[in-house]
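Position 28 of the sequence shown, counted from 1, bears residue number 28 in UniProt numbering, the numbering being contiguous throughout.
The hints are simulated quantities; they were obtained by calculation from the structure and are not laboratory data. Warning: the hint list may mix true and false statements.
[What the hints assert, rightly or not] Label-pair restraints from in silico Cβ distances:
1) GLN57 x LYS279: 22 to 30 Å
2) LEU83 x MET155: 20 to 28 Å
3) GLY55 x PRO117: 54 to 62 Å
4) ALA52 x HIS300: 46 to 54 Å
5) MET116 x ASP193: 32 to 40 Å
Ideal Cβ placement from N, Cα and C applies to all residues, glycine included.
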Amino acid sequence: MRSTGEVPPTLPPLKAIQAFEQTARFGNVARAAELLDLTPSAVSHQLAKLEAMIGRQLFFRTARGVTLTPVGEQYLTEVSGILHSLAVATERATSDFSLDCLRLHSSPSFGLLWLMPRLEQFRQSHPDIQLNLSCSYESLHFSRDKIDVDIRHGMPNWPSFEVRTVRNEKIAVMASPKLLEKRPISAVADLLDCNLILSEATLIKWPQLFAQHGLSRPEKPYTLSFDRSYMTLEAASHGLGFALESTLLAQDYLARGTLVEVVPQLSATITAHHLVFPKAHSNFPRVRRFLEWMQAELGHDFNY
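Produce the entire structure from the sequences given, and follow the hints as far as they go.
Dropping the structure here:
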């Protein structure tokens, strides 16, 4: 074959790029070495080789670890996308094309209370898509953990990813009908001497609710507290106290009548659940179909 005379571009070694990305992610050479199954000195050598090749410093090195320089931050943004695309291409090449597996990760309460009861509808409308669902409060690494879409709870602060926010979610005071028969509530002040359940996961908690109405938090300690919304709602449905929780998560409890809203004017709109994914994933038909199904189930489009 006759040479075209073009010199191929100089590419950094893949090991050096992987060492750079993992070190940048954890701010720690030793942690990066553990994940890459290398020694810390080998990772440091790869980083030094990469910096020498680029001719710019990528990290500030201190006794506590490493932090990215401005050049390093820009390089990480560009390199992470390339690594993810490479991982996706490799997965496509090695996968069984007869199966299309949608891999979801979700915050536990959303996965259990909202998503799980509706998965059968998704399966019936999309029988050609295999579903894999995992739940935790961790923000997983899309490439390493092979996640298509991550349903996260919290404030939407993920600038390097596509984010679709669930609209029309609100937080409200809820209780079982039996509890309300014993302790009827007509105003927020009536709740001050009631048995309150603290949900540690919500974006708005009891102290904020009382403060919004010019009231101090109750001196009486909380009857119960939980770090999972599903536990708070289940406890409230058994009449153990009043809950301040998401009506989106409590949708099925409210539909069955095991929980009811207490003084509906006390509710407040929140943006607490978000579908997060790398931009490249929006090209996956399985992801597009899942997003469309979610919008249909929610009854509205997402906030972008």
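Cross-check of the supplied hints:
Separated by about 29 Å at the C-beta atoms, GLN57 and LYS279 satisfy the suggested range of 22 to 30 Å. Between LEU83 and MET155, the C-beta spacing of about 27 Å keeps the proposed range 20 to 28 Å intact. Checked against the hint of 54 to 62 Å, the pair GLY55 and PRO117 passes, with Cβ atoms roughly 56 Å apart. As the Cβ distance of ALA52 to HIS300 is approximately 53 Å, the hint placing it in 46 to 54 Å holds.
In this structure, MET116 and ASP193 meet the distance hint of 32 to 40 Å, their C-beta atoms being roughly 36 Å apart.
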